[in-house]
Structures are given as structure tokens and as C-alpha cells.
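Peer 1: Spelled out from the first residue to the last, the chains are:
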Amino acid sequence: MLIFEHSRTGRKGAPQSPKQKASVADIPASFLRKERAALPEVSEMQAVRHFTRLSQKNFSIDTHFYPLGSCTMKYNPRACNKLAMLPGFLSRHPMAPEAQSQGFLACMYELQSMLSNVTGMAAFSLAPMAGAQGEFAGVAMIEAYHRSRGDDARKEILLPNSAHGTNPATATMCGFSVREIPSLENGDVDIEALKKAVGPQTAGFMLTNPSTLGVFERQIETIAKIVHGAGGLLYYDGANLNAILGKIRPGDMGFDVIHSNLHKTFSTPHGGGGPGAGAVGVAERLKPFLPLPVVTKEGENYRWMTEKDLPDTIGSLSAFMGNAGVLLRAYVYMRMLGREGMVRVAEFATLNANYMMAEAKRRGFELAIPDRRASHEFIITLKNEARDLHVSAMDFAKRLLDLGYHAPTTYFPLLVPECLLIEPTETEAKEALDGFMAALEQIREEAKINADLVKGAPYTLPVKRLDDVRAARQLDLAWKASPAE
Amino acid sequence: MPFIPHTEQEIAEMLQAIGVDNINALFEEIPSHLLAGELAGIPEGMTEMEISRLMHARASQHPQSICFLGAGAYEHHIPSAVWEITTRGEYYSAYTPYQAEASQGTLQLTYEYQSMMTAMTGMDVSNASLYDGASALAEAVLMAVRGNRKSKSRKILVPTTVHPAYRKTTHTIVRGQHIELCEVAYDATSGVVSLDAIKQRAEAEGGDVTAVVIQQPNFFGNLESVDEITDWAHEHDILVIAVVNPLTLAILQSPGEWGATGADIACGDGQPLGAPLSAGGPYYGFICCKQELVRQMPGRIVGRTVDLDGKTGFVLTLQAREQHIRRSKATSNICTNQGLVVTASTIHMSILGARGLENAASACHANTVSLVAQLSAVKGVDCAFNSPYFHEAVLKLSKPASEVLAALADRNILGGYDLSMSYPELGSAILVCATEMRTEEEIGAYAKALAEVIA
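From first to last, the protein sequence lines are chains A and B.
Numbering-wise (this note's numbering), the first sequence opens with residue 1 and increments by one.
Numbering-wise (this note's numbering), the second sequence opens with residue 1 and increments by one.
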């Protein structure tokens, strides 16, 4: 039932606004709204009950194991939320004077510094509001760098064919054309193909390491040499930073610019689709181009840097300070982990993934890249099950929901057929991992006996499989008050 | 080991299953000379008690000032229920609803949000949100360039009465695609942009213009002549992008009602609908449009459909526009949006309803009228413009704005936004705002303090 269907004309909520409408008689009538907007008219309790009930129709980390590959669905500590929502932070206007904002600025400054330290970069900006905006900032800095040197012919961004969709979309937004570099069967970038692809047109190479295939790129130093030798820059997509946090630093691998998804590695909540934060870090030569705002420290005082400090900045990406509240949550998380905790993140995320991979193999599932060490995630291909039992990766995913597990990422990366990309994260206990693997095995057994059982899943959720085709063909994107309702 | 559940015995069992002796062996594929040593620059970990003490100390460094500062972020009342429900783990810790059957809560809520935003803006379609108001304007500009097939110029008219930070952000985001933002100056007496000025700029650009941006109320708080600008634009095949404060739409004409046929795209920042000031974010950007532009829309969109049994359900739809399918040909690179803040906003709109929002918005207007009357009665303070305004207004000061604002800040009054950086032609001027949260006593206290400071 929609909230609109709880609505009754004339029903009023709690006293949550001034009791009466104030006069707007001094505003000429032509500027005024003709008809009141059709928002629901419900009591506060009806709203609370409706949205509480809706919440119960969601899977979440707080309720379910959520091994979504490349998304790093780890526990979001409640302390991060509570401390970021202290009144002193919540009530701070974004343009309040610096002198009255030292506590907030200190957190931002230290967050910049911790991020630089754990990634091996020279400086960080916290401006980008999501991973994709971090990518935008990074690629825009690459463009600005080449332009500042009069190197105007560099119009092409290279990507491995396993890249996230945001990578090519970002390159296009920044005015570049895109060329894909194939991956080898073992998951590494095809070095020979890369050598042939680079040249005076190469602006940069965007790489996720470990890659979305769940393996560490062993040739990273060679890749850096090839790209830098051709005059290009190396971009680190930080989607998989959780796998190597504190173990090996992108700066030490030769990357010139990185973005870090704080909502993955640094455990800020995904919130059903955001807000995220996509802080960008740079090597020394890209520092002049960082997006604003950046916090600096003079003596004991913190202040914002402006265009006077960074005249070559690529500019701003939001009206104010990016997703400040998300940044505070990441700050709290990093302080709780500390230097020793960060390394453990990588170690236990990797332990969990490799254990699950070993278990998958033992239980007879085919691994996409069987001879390599998994990073913090790994891929099962269900192509045999699809061929022999006529159940697809999507069928497995839907049946897992019935068994109480959120499905792994399906059909990504695009180059592995019928794949499940599984990322357990470090915060899951062994029994959850065992339970999940047992569930996968159970589904395969079910499919052998009755494939339709699996193909019809899920059965236990608020709805059965939904008609995507109808949704796209008969667009219904908003409730409208009409006789048809 | 914070947040890691493994016992020593489990670790041993897991290593044995993998077939290695220790955890470090799992990193054997990394060239050993690249491994990081100790992260000396990062402090040791803290307990929740310790970090709690530190954060309380940091938060208490911010004095609780009385806020007359707006300029794109506003202090409004938010019902207690809003964030109590929003931070339930089922919303807070869920991912993007790609597995629709396991995400009906978020999906239905987003559909309800889209419905409410189309009702507020008078448009046909809303997406599931963008990052913030400034980046939403950038996306609206990109969308207009894709959507206006009659225009080849990629030129966008942008009056300087549009929020300066929105203009800067839009420039950052669209410049790589060879889109030109053409500024149109405002009228010095009225503080709004005249249709003549827009026409002149369009002619100076050779007549072919892709879209015009209008902010209502504009950055100065003044009300622009949106009807005549919209009608003129449509006569010339120019798309109209409305930048609006959604709370003011409880009182003001919706973009769908502008001119004879309405604006084509409406965008803005959702912060006034349930997001706390929170030092600048997270807020959310909204974007709505006419039906014919829906396939140019960036970001996620939720649609209503049915399941195998014919039961109503909700899914992400029109995904062929998006980066994970279209890659380099996507309408935008956006992936993550601001879902949790949208959750808060949807609950906020449901609890207040159209009447509650109307009362809040009208109180903002009335309080600001009172504020302007009391402040402009102070010697050395004058209204800068003669137009009708909504809940912000520009005052000219006889002393430098920065000095006045600093002296007010010392009295725990955030007196407004210093316009001298972005609008040097105004001289010493500030933008002031009084939301429904301000009382007559606070407004009186501000007037008294200003009289002392400026004397």
C-alpha cells in the first residue's frame, strides 16, 4: 500500500510546523502556486508505521549477510553514525566562519592526512560526493595536467575490459575517447596489447587493483613503466582498496591519482544507494589541480584553501563541502581502526575470500580464475550449471534470497559468463561464510531434482520475481491522483 | 581487533582449508618490495569510549549561534521521527536496490519520493536523486544539451542571479564537453534578470541557444519573471531549466506552471526538506522533467510493475541509460546517489504534508519580511533591491561586510552571507535569511546587535 493510499483529505499530522499559514499577501499573485501539491495527508503515526513497515521489506547488512562483490558491504559501526550526528556537527552551517568550525575542520584535515598516509599519495581532497564523482575529479585532473603542459593531443583514456561502467562513462564526461585493453585468462592485463595501445594520444590508464576479476595485478610496475613512458598518467580506481588497505599502497605502485570510495573501504553506510564519498588523492605533480575545498593548517588553526591557494584547481564539485557527514563517519571509523586495524581489514577480508574460494572449489563449483590467489573477492562461474541444469546465475541469486542471503554481484565483470562475484568482507564470521556456501550447494542440489523450483525463486519475500520488461514498456514512475486509482 | 569476529581456532581452520600457513602467505602475489611497512602517520586505534570523548570535544568547539545565514542551506525544523526511522539499519545499511525482491522497502519509498517531487515541481517525472543542488544543475545542463535536438550551439544562458557555487560547479562538470555557459547580468535596481537582457545575450550569441537557466527565488531571494522568460524561450526552441528551492514550492508557482507550457527540467537541492545543515552535507540533488525528456534523465529511476502473480512491486527501470549498461555512452557516470537523505526527505514530506510545508514556508517569508524591516531601519543599512522576495534578501551596509559579520559572529549571530566576493559590484552587501525557526526575539536581537556593530 502506498503512503498516498493512507491519505484522507483534511487529515493533519502532528504539530510539526507553525500552527497557521503566515501572510504572503505582499507577494504578487502571479508568483503563487495555483493548486496545493498532492502530498499525502496522514498522521505522524501512520507515517512512522508505513515507513517502518517498508524498512522491513529490505535486506541490509544489519539483517543479512550481503556478499556483494565490488561493493564491500561490511559492518557500519553505529558509533560512526552517532558521533557524526552530534548537534555540534549537525547544526553547523556550511558557511559558518572558520573560527567557529575548528572542530569540524580538524577532523577533515586529519582525514585527508590519514587517507594520504594509507594510500601513499601526496595530498587528498574530500570534495567528491561519490566514487563516480571522484573518478570525474581524477580524470579532470589528468586532463588539466596535460593541458597545463601544452600537451593537447592526449585525447584517449585506456581501460581494462574488466573495468566498472563508471570508468568509461567518466572518461566520456571529461571529453576523452575510450579504448579497452583486454585481460588475459589469468586476470592480468594483456601487457602486449597495452604496449601497442599507448602513444602520444594516451592521457591515462584507469585501473582497479586488485581488479574486478578478484586478483592482484602482478605486472603493476611494468604497467606503470609503459604508461608513464608514453607520457600518460596512471589512475587508481579505489573500489577494491579494502583488499590491500595498509598492505600495499597505490602511491608505491606508481599511481598518480586515486579515488577512494569511503562508503566501501571506510565503512560509511550505503544508505540504500548513497550518500557515498569519493575522496581523491594525488601524487605531487597533480597537487595544483585538486578540487576544492581542501583543508589546510596554519600554526594551530585550520582553514579552507581557496582559488588563491590553488589557482589551477579543476574547481568545485558541489555547492559546499561534499558529503561532510559521510566524511565524519569515515573519520570516526579510521580513528577506531588505527594503523594496526587498517592492515587487519585487508588481511581478514582476504582470508575470508580465500577461504570461501577454497570451499567453493571443494564443493565442486567452477572458479573463474582457479590458479590465482583471491583478493578480497572471487568469481564463481555457473556456466556448467546453466548448460546442464538450465538454471542461470540469476536463478541462483534469487534462490539465495529465499535462503536468507543477499545475492552476490551477478553478471559482472562482463567477461565471465554466468558469474557470481563474491566479496565477504572482514566483518563476517566463519559460520556465515559456511552457511552461504552450504546454501549455494543446496541450490545446486535442488536444481538437479527440480530446476523449476530454482527458476521460480524467490518465494519467501514480499514479492516474487518482478516484470522488468513491463516496467520499462509501460512506464509508471509516479503516483498520480486520478479516478483510475 | 575492531569489528573482526575470528577466533584463533577459526583462523587456523580457515588457513588449513586454503592450504597456507599464515595470512601473509595470501599476499604472496604482491611483489614483496612493494609491501608497506608500518603506517607511521596514522595514530593507534581508539575504543568507542575514546573516540566518543574526542568527537564530543570537537563538536563542542562550535558555538551554537543564531543562524540568519541561508545562501543555499537552511535551518528548518525536522520532526524527530524523520531521522529515527531513516537510521533504522534496514535503510541505513542496505545497498542500491539491484536485487529488487529483497529491496522493496527502498524501492517503494523511492517511488513515493518520485511521486512527491513531481507533485511539488509540477513535472511529469523525477529520478531517484543526484548528489546536491549544484551538481544537479550540471546534470540538467547536460540533459538539456542531449534533449534539445533543434539546437546545435551547446550554449546555455545563465543569469548571474543563479547561485555562484552552482555556476562554478556546473562549469567544472560540463566544460569537458564543450558546453558554453553564457552569463546574463541582472538589473541593478530590481536584482532580477530582465527578459531584454536575456534576449540581448541570445542575439549576441547568434540566436541559437540550447537552454536558459532560471533560479526561483534567485540567489538574492528575489522573484524572477519566470512566465515571460519561459514563454519567450519556448517560442525560440530553447529549453527552460528551473532551479528551485523545493520548500518554497509549497507557496510559489511550480516550475510545471511557468508560462504557458511549464519549464522543461526542474532541479535543485532537497536539503530544506528534512536534511540538517550538517556542515554542508549530505544533502541531495533532485531533478524532474517533462515526459518527453525521460530517456535523457541521468541516474536511477524506480518504476512500478507487477510480479509473477500480478502483485504490485517496484524495480529500477530504464537502466539502459546508465553507466553499468551503456558504459561510455551512458547519460551520466552517476552510480551512487543520496538515497538515505531521500529516505529522510520522503518521511519529512509525509509527516508535514502540503499544509505543513505551506505553514513552514510562509513563516520563512513572514520572518524574513520582519527581519528586513527591522534591519533596514538601522542607520547604515539599506535594502539593495526593490523586487518581491521570498525568504532571503540583500542588504547594503555602510561598513565592510566582513567586519560586520565577524563582529556579529563574536556575539553568536551568524548574520548572513558576504556577497562581496561573488558580487563586487554590490559593494558591502550581505544576504540574510530568517527561516521559521527564528523567533521575533532573535530577530530583534539581531537588529540590536547590528545597530551596535555598524554604529
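I should point out that these hints are in silico values taken from the structure, not numbers from a laboratory.
Take these hints with a grain of salt, some might be off.
[Said to hold, decoys possible] Taking beta-carbon pairs under 8 angstroms as the criterion, some of the chain B residues facing chain A (in silico): (1) Pro63; (2) Arg88; (3) Ser103; (4) Ala128; (5) Gln177; (6) Leu195; (7) Asp309; (8) Arg327; (9) Ala409; (10) Glu436; (11) Glu441.
Where a beta carbon is used, it is the ideal one built from N, C-alpha and C, also for glycine.
Peer 1: Confirm or reject each hint.
Peer 2: Okay, the hints, checked on the actual structure:
1. Pro63: holds, 6 angstroms
2. Arg88: holds, 5 angstroms
3. Ser103: holds, 6 angstroms
4. Ala128: holds, 7 angstroms
5. Gln177: holds, 6 angstroms
6. Leu195: violated, 14 angstroms
7. Asp309: Constraint on aspartate 309/B satisfied, holds at 6 angstroms.
8. Arg327: Given a least distance of 4 angstroms, the restraint on arginine 327/B holds.
9. Ala409: holds, 5 angstroms
10. Glu436: Holds. Min distance 6 angstroms.
11. Glu441: Since the shortest Cβ distance to chain A is 16 angstroms, the answer is violated.
Hint compliance for this structure: hints 6, 11 are broken, all remaining hints hold.
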